[in-house]
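J.: As a plain string of letters, each chain reads:
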Amino acid sequence: MSFPINDGSRPSKLELGRRHTGEVPKQGSPEEAAFAEQIAAPGLAPFDWEVLSKAAARVPEQDPLMLLGRSGLPQRAAPEAPVQSWWRRLKLAWVVPVLVACLALVVVVPRLGGGPGVKGGGVDLDFMLQRDGQMMPGTDAELFHPGDRLQFSYRAPGYEDLVLVGVDGTGELSVYYPRAGELPYPIVPGERHFLDGSIVLDEAPGPEIFVAVFGSGGVSEARELVEDAFERDGLPALEQLAELPGVDVVRIDKEEAP
Amino acid sequence: MQATEADIRDLYQRYGGVLFHRCRSIMKNDEDANDAVQETFARVIRNWDSFRSEASPLTWMYRISTNHCLNQIRNRQGRQAKRDQHSDAIVGDGFSRPDTERGDNESDIRALLAQVDDQTRAIVTHLYFDDLTREETAVLVGISVPTLRKRLNHFLERSRKQLDSGSSGLAAGALIALILVLK
Chain L
1 MSFPINDGSR
11 PSKLELGRRH
21 TGEVPKQGSP
31 EEAAFAEQIA
41 APGLAPFDWE
51 VLSKAAARVP
61 EQDPLMLLGR
71 SGLPQRAAPE
81 APVQSWWRRL
91 KLAWVVPVLV
101 ACLALVVVVP
111 RLGGGPGVKG
121 GGVDLDFMLQ
131 RDGQMMPGTD
141 AELFHPGDRL
151 QFSYRAPGYE
161 DLVLVGVDGT
171 GELSVYYPRA
181 GELPYPIVPG
191 ERHFLDGSIV
201 LDEAPGPEIF
211 VAVFGSGGVS
221 EARELVEDAF
231 ERDGLPALEQ
241 LAELPGVDVV
251 RIDKEEAP
Chain C
1 MQATEADIRD
11 LYQRYGGVLF
21 HRCRSIMKND
31 EDANDAVQET
41 FARVIRNWDS
51 FRSEASPLTW
61 MYRISTNHCL
71 NQIRNRQGRQ
81 AKRDQHSDAI
91 VGDGFSRPDT
101 ERGDNESDIR
111 ALLAQVDDQT
121 RAIVTHLYFD
131 DLTREETAVL
141 VGISVPTLRK
151 RLNHFLERSR
161 KQLDSGSSGL
171 AAGALIALIL
181 VLK
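Here the protein sequences come in this chain order: L and C.
So the first sequence is numbered by our numbering: it starts at 1 and just counts up by one.
So the second sequence is numbered by our numbering: it starts at 1 and just counts up by one.
Just so you know, these hints were derived from the structure itself, not from any lab.
As the structure is a prediction and not an experimental result, all values here were calculated from the model.
Any given hint might turn out to be false.
To be verified - Here are the computed lysine to aspartate or glutamate pairs in the EDC-like style, where the Cα-Cα straight-line distance is at most 16 Å:
1. K161/C to E182/L
2. K150/C to D118/C
3. K254/L to E203/L
4. K54/L to D118/C
5. K54/L to E5/C
6. K254/L to E142/L
7. K26/L to E37/L
8. K254/L to D202/L
9. K254/L to D168/L
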C-alpha cells in the first residue's frame, strides 16, 4: 500500500479546500467531488458563538500559536554566534592536570558569571500557567496544584539549544525538553519565544525545580550537571545553578496535600 | 474593529468543515479535531484585523491548526510515555486504535513526529497528512525545496535508525509507508 508524494499531478488537500470554499475557482474535477463528499461527513461541532468568543478571550497576549512567521513556524532571529557552555569548555580542560582545572574553576567561572546581578548569564526562563481554562503569568500564582499546565518561554541570546530538566519534591528527575533522545532541543536565539507544548503537574509532593541548561553538549551533560548539584545539596543547590552562565531556574511550590 | 457573531458564523460555515476534516485526519478523533477548529477560530476572532487582510484565509487557518495539532500530538505522546511507565494495563484516550494498515502506520508516524523538531514535524504533516506538494509545503513552512528535501532525508534516516535499533517500537510498515510517500 503506498501513497506516493504529490508531485503536482493532482490537487493537494489545501488546493481542494481552497476550491471548495470558493477562494479559487472550482474546476469540476472528480477529486473535488470526492473531497466535497468527505467534507460533508458529520462530526463538526455546531457553531457556538459563546464558546468561540470565550475561547478567544482565553488566548494569551503572547500566544504561542500566533508566534508564527510567514513560514508557519517561530521566526528565527538574526543568527548570533553560538555560545559554548562553560562546563563544555571545562570538560576539555580535563586533559590538563587536575590542579589547573581547579584553578580554572576558581578564576574563570566568576568572570564568566558576568558579575553580581546578572542572572543566568543573560538567559531567562519563564512560564505561563493555565488553570481552569485561564492563562496567567506563572509568577502570579503562589501555589500550584496537580493538573496545572505550565508553558515555558525563554530568552537566550546566542544560544541555539536547551535541555529542560525538572526535579520534583521526591528527587525524581525528568527531562522535559527534548522529549526523547540525546540531542538538546533546538531553540531560536535572541528574544523571547515559547517552547512547544506544555507540562502538566502531577501529584508529586513538595516544590519542583525546573532547570534550563542552554548550549549544553547533550542531555547527558545537562542531567549530570543537575544530578551533581542535587546530590551535593538537594533543591537549594539546584536553585543556585541559576548563577551559572547559560542556566536559569524556576521553582514552583505546590499546595500541601490535605 | 472587532469580529461580529455574523462574521464568524459565515466563516465557520464556509471553512469549518474543511478545517475539521483536515484536523481529523491528523488527530484521528472528532473531539480533538473540534478542539483544533475551536482554537483556530479563537485566533481568528482575536486577530480579526490582520486575518481580514489575508489573501487565503484557509492557508492562515492551516498554519494555526497545524501548530495546535502538532502540539497536541507531542503532549499526547508525553502523557502516553508517562502512563506507560506507571502502568502496563492502561488503555484509553491515547492514539486511536488502528483499523487498517494505513491506520497502523499513522500511529507509528505520529509517535515519530512527537520526537522531532517543529519544522520537520510540519513538513511531514503537510506531505503525509495533507498531501501537499513539496513546493506547497516549502512555501507554507518558509524554506526552499532543497532544504525541505534535506530535512526529509534526515527524518527518514533517523526513522530508519530507530527501526534498526528496535528502540522505538516502530513497525517496519510505517517506515516503508513513509519512504514510499516522502521519497
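J.: Can you give the numbers of the hints that this structure goes against, from lowest to highest?
T.: 4
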